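J.: One letter stands for each residue in the lines below.
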Amino acid sequence: MSTADLYRTVRLIRRFEERAIEFVRSGEIVGGIHPYVGQEAIAAGVCAALTPDDVITSTHRGHGHVLARGVDPRQLLAELMGRESGLNKGRGGSMHAADFSLGILGANAIVGAAASIATGAAWAHRRQGRDTVAVTFFGDGAMNEGMLLEALNLAALWRVPVIFVCENNGYATTMPVESAVAGSITGRAEAFGIPAYIVDGQDPETVLEATTAAVERARAGEGPTFMECMTYRFDAHHTFEHRARLDYRSADQVAFGRSRDPVVIQGARLPDDERAAVDAEIEAVLDAAAGFALGSAHPDPAEALKYLYAVMP
Amino acid sequence: MSTADLYRTVRLIRRFEERAIEFVRSGEIVGGIHPYVGQEAIAAGVCAALTPDDVITSTHRGHGHVLARGVDPRQLLAELMGRESGLNKGRGGSMHAADFSLGILGANAIVGAAASIATGAAWAHRRQGRDTVAVTFFGDGAMNEGMLLEALNLAALWRVPVIFVCENNGYATTMPVESAVAGSITGRAEAFGIPAYIVDGQDPETVLEATTAAVERARAGEGPTFMECMTYRFDAHHTFEHRARLDYRSADQVAFGRSRDPVVIQGARLPDDERAAVDAEIEAVLDAAAGFALGSAHPDPAEALKYLYAVMP
Amino acid sequence: MPKLSYLKAMNRALADSLDRDQSVFLLGEDIRVAASNLTAGLLTRFGPDRVLDTPLSEQAFTNFATGAALAGMRPVIEFQIPSLLFLVFEQIANQAHKFSLMTGGQCRVPVTYVVTGSGSRTGWAGQHSDHPYTLLAHVGVKTVVPAAPTDAYGLLVSAIRDDDPVVFFAPSAALGVREDVDFTTLAPVPVGVGRVARSGDDVTVVAIGHLVHDALSVADELAGHGISVEVFDPRTVYPLDLDGLAASVAKTRRLVVIDDSNRTSGFAAEILAVAAERFTLDAPPRRVTRPDGAVLPFALALDRAIQPDRDQLVAAINAVLEDR
Amino acid sequence: MPKLSYLKAMNRALADSLDRDQSVFLLGEDIRVAASNLTAGLLTRFGPDRVLDTPLSEQAFTNFATGAALAGMRPVIEFQIPSLLFLVFEQIANQAHKFSLMTGGQCRVPVTYVVTGSGSRTGWAGQHSDHPYTLLAHVGVKTVVPAAPTDAYGLLVSAIRDDDPVVFFAPSAALGVREDVDFTTLAPVPVGVGRVARSGDDVTVVAIGHLVHDALSVADELAGHGISVEVFDPRTVYPLDLDGLAASVAKTRRLVVIDDSNRTSGFAAEILAVAAERFTLDAPPRRVTRPDGAVLPFALALDRAIQPDRDQLVAAINAVLEDR
Ligand SMILES: Cc1ncc(C[n+]2csc(CCOP(=O)(O)OP(=O)(O)O)c2C)c(N)n1
Ligand SMILES: Cc1ncc(C[n+]2csc(CCOP(=O)(O)OP(=O)(O)O)c2C)c(N)n1
Ligand SMILES: [Mg+2]
Ligand SMILES: [Mg+2]
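Protein chains in written order, with UniProt numbering: chain W, 1 to 313; chain E, 1 to 313; chain H, 1 to 324; chain C, 1 to 324.
Hint data in this document are derived by calculation from the structure and do not stem from the laboratory.
In this text, all values refer to a predicted model and were calculated from it rather than measured experimentally.
Do not take every clue at face value.
Interface residues of chain E toward chain H, partial, derived using beta-carbon atoms under 7 Å [unchecked claim]:
| hint | residue |
| --- | --- |
| 1 | Ala121 |
| 2 | Leu154 |
| 3 | Asp261 |
Residues of chain E placed beyond 12 Å of chain C at every Cβ, according to the derived structure [to be verified]:
| hint | residue |
| --- | --- |
| 4 | Val24 |
| 5 | Ile110 |
| 6 | Glu209 |
Not the full set, but computed from the structure, chain W residues with beta-carbon under 8 Å of chain C [unchecked claim]:
| hint | residue |
| --- | --- |
| 7 | Phe100 |
| 8 | Ala118 |
| 9 | Met147 |
Think of the CB as a built atom: it goes at the ideal place given N, C-alpha and C, for glycine as much as any other residue.
In isolation and in its complexed conformation, chain W is listed as follows (with noise of 0.2 Å):
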């Protein structure tokens, strides 16, 4: 993937971000989202890995995991506004961005829960007898959840091909890492016998390098890799946040985390015109998306139990 591709990814994911976070002010995003702003750089260099066979399960945070994915901002956009055209028919939300098309098993409202789907459907492929890699992202909070403790094991155990990608932006919502983790996050994985290796996750070109690496690791069958990449949340857990003010996060502190700019980063590697190139093209993507989701019909009341069974008697 080209220097280029990879800030196109960045750039689309910041700035999809900022113009959700303006339709949840303008109340056309009805809930909120949690914000990816800060973290795009391992979504972009995670998914820059990966073929199209290849399979991902994202998080509550997870804009950044689909859009790098290939997801279409249209329909993206239309399913945070709860649209007929959204991803998930208007059905899942920010939360739950899910595109089987593309390989993405859906993103997880509950902490730590997908890493087992993700092993489970890893398994399966390979089972298939494809070489399908998966790679679940999960937080740093998602560390202490017992059923992913017990997900590495079975993917420890049974060499399967799955990436665990835990982005530690240092805080689980309002909990600093250092309260809740006890041992460190690598040491961790590494106690299941999984390779695990810090990656600075503000690089998507340093993401990029290290999920090569796992991924040829997995297609051979040697089996899981585990990457602690090291972010920081700019912005809010969730836009809630917004307007209830916690204090958690010195303002020096939030100063400092956003003086690595992952979309800084790696635009600083293109030269001026390409950049201001990709903006205006991506900044055309997402009017585009915009009028669309807006545009976009609601679904119909008397169809919001479709889709709850496969077959119903």
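With chain W held as given, fit chains E, H and C with the ligands onto it using these hints.
T.: Below, chains E, H and C with the ligands without anything else, positioned relative to chain W:
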């Protein structure tokens, strides 16, 4: 604790279990038991390091733990026979023996559940200004339960005076530990920043020594310790296995496992006559226990729901 | 008189409980900064020893609370999402609930589980919008779902003082409800005792939690049409105030239940079952509930379509009154 | 004709399903050596790739099955203990069950969850004796509780073929039931369709699982006293065969339900609620259930005292027939 006392404990447990197995065969004990035969040194050594104010939690394979903690064998046997005079008034049975007057917060039939209960109890005692230490027993299989791993994190984070005693008897029912545990057991505990030791679980004195150090550390406010006690289950996972032969351990392996018998190891440290005296004493105790239990009344069915709630409007 | 909001009433109940009894302490996620606002001010007032932020380890910290309770404490856990009760269902239903009987009465487990914002939270979608009070009631855990601020105060205080586990649901749609209250009159409300929220003669509407307010407004509306609705608010789902319910139905002889549970074997099913066994009714009773297996879709109109609403309640009331 | 036991019928259903469809695989604890006997012979026949022993990691392996299902497989999980469903309640009710709707119908989650030995297992006490089928039904997961070997075969096959999650309860007290069967007639039994297990005129007894056999023997006994009992076995708890139930009750106009759930909002509560809404009965219906909040005590007589039994059923039948 003296050599003789440790011997008395391991021998008491052994003979209690052997007699209990007979009562299962004869139908006096309904539902069967998980025999502790072969693992006696762990219960004996660990409990010998505790003071009366300390607390423990136990497992489905818990008779050894509670006997070592000082439970009256008469009451335990009566409990196994479902009598009103039983430890739990016949309400708990083999997997739930509890005696709060001895700091036994209950055996637990859900693998991995008790570790977090013990951690909470130990934390509470410390909060109340007491210097109680808690011990939680569990098997190698429990090391794969997320809720137990979560408990390791809480204990380490909050420096809780709790000692994690893992009895690695090589199997979770029929699942060999190597097929179930990726990485190592002590490595998992260490990953949470908990000092972890491998201990010879067949020698009561070794176990006592290791536990004494852990207790000191806990009382000094230095937090949890993890002990992986290597042992072997001489008998069935559960007495149902006496009827349904399950094919998972070779005769050779069983013979080898039985070759280091804690009762023999500790017995060899006593002069023959002293040992014989203890043995006789124990038979008398168990004869009395059998008489007591068999002679005790069954609970009244009208009281089946007694104790369901502490208070009910 | 000062206004008291539901959430503020809960906050006050916690503060008063912490103040009164040293064995009470709080634990949960983000409770020190009070992300949900439930615990606002409590860290400053009671210190970090009594307001414990936990890692995301719901199963372990729920059992941790059980262990602390066995050692004499009265823990109060805040859960941020109703579905976290699914995650700790074993720890509540199979551990905390069972200790008393299994030990032959040797111990008590006075833990309170608080869900701040149960039921649909507008826009939070499928995994954040459950209202699983029936599940707890079915397994026999004491379960309260207050509708009004004074009851939220009184039942939270009682739950904390109760010697058994108690689950407290604070419906998202009730958190903003405000009441004029003389604060000196705030008092414990007993678990298991309902109240007639509005007296009437023609039909008893049983409602709980936020739906009590819907029932009251429907009652207002129907009063204009000459229909006198009695609203009975059990306040506690389990144990149910059967006498209170029976007294109301004996008067009205007609029954509608509005319930934010799924239909099959929900809270409303129990009320109708009791009615079938014990009451003489002049018309078949009705229930207005979530549909079976409900998963709340994200889109607002779909989310709303799945929740029991006033129109359905009006229709049900009219149906039971049809052959008057 | 050869005898087929309930457990053997389940075993056969698994074997036939594995044989027929390569996407079917089994996972669970101790299933390779077949500790419960459910999977006897299957490792040898289908190999370790399709009969997976799992570590004690119920939450992860339940979600693992969901993931495998999303990738096109049809996993069947065996749970050794009914209360393990509490432990994985989130993974079933909040994950597997919700994927279809939340993704706008993009996927299916055809996982089958089998509890071999649900309800009281004599002597296994408090944490091993639950019968939580109502919980699954309430959240809307398809739930079957067969009574007879042929139904166990037919419903397990159907559950595995079903494109949604299905929970299969094999009551401990039914595992030994045997039936004379021509093996060539074994066939799928549709989910959601009940059966009249015995035809009668005076009263409908609704029973499920092992209690069907108790109901049948009570019916036999009462036949001697001139009482004609119809036994209706819904076989599926959710979705309920309402038409079948309605047809039976339309004939008898009297109703008793015997149900191994706790009373409050149990399966029986749903049947009585439906009756209250829809049926015209000649006497108030009755339910015979576990008591509320039941925790099965260890001592045999206490364990038995808490389970619904034949004497209670006879009394309930007599009560609904009293004013004939
Ligand atoms: C099991 C579970 N517990 C709690 C929550 C509420 N919650 C949502 S996000 C979050 C913090 C997650 O932290 P982390 O894993 O670090 O991800 P981040 O939000 O930082 O991206 C919490 C507590 C949840 N959704 N699921
Ligand atoms: C959570 C849970 N899963 C499964 C079981 C069934 N079970 C009871 S004991 C046991 C094996 C436990 O193995 P281990 O922890 O090594 O203890 P051991 O039996 O060897 O003493 C299993 C699977 C259970 N009781 N609880
Ligand atoms: Mg984080
Ligand atoms: Mg073991």
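J.: Any CB of chain H closer than 7 Å to the CB of E:Leu154?
T.: 5 Å, holds
J.: A cut-off of 12 Å on Cβ-Cβ distance, and E:Glu209 was said to be off the interface with chain C. Does that hold?
T.: 30 Å, holds
J.: For the restraint on W:Met147, tell me whether the closest CB of chain C is nearer than 8 Å.
T.: W:Met147 check passes; min Cβ-Cβ to chain C is 4 Å, inside 8 Å.
J.: Find the nearest Cβ of chain C to the Cβ of E:Ile110 and say whether that gap is larger than 12 Å.
T.: Given a closest Cβ separation of 6 Å, the condition is violated.
J.: Should the interface hint for E:Asp261 be scored as holding, given a Cβ-Cβ cut-off of 7 Å against chain H?
T.: For E:Asp261, the interface hint is violated, since the closest Cβ of chain H sits about 33 Å away, which is over 7 Å.
J.: Any CB of chain C closer than 8 Å to the CB of W:Phe100?
T.: 5 Å, holds
J.: Quick check on W:Ala118 please, does its C-beta sit within 8 Å of some C-beta on chain C?
T.: 6 Å, holds
J.: Please verify that hint: E:Ala121, Cβ, nearest Cβ of chain H, below 7 Å or not.
T.: Result: holds, 4 Å to nearest chain H Cβ.
J.: If I take the minimum Cβ distance from E:Val24 to any residue of chain C, is it greater than 12 Å?
T.: About 9 Å separates E:Val24 from the closest Cβ of chain C, which leaves it inside 12 Å; violated.
Going down the numbered hints, you'll see the structure goes against 3, 4, 5, while the others check out.
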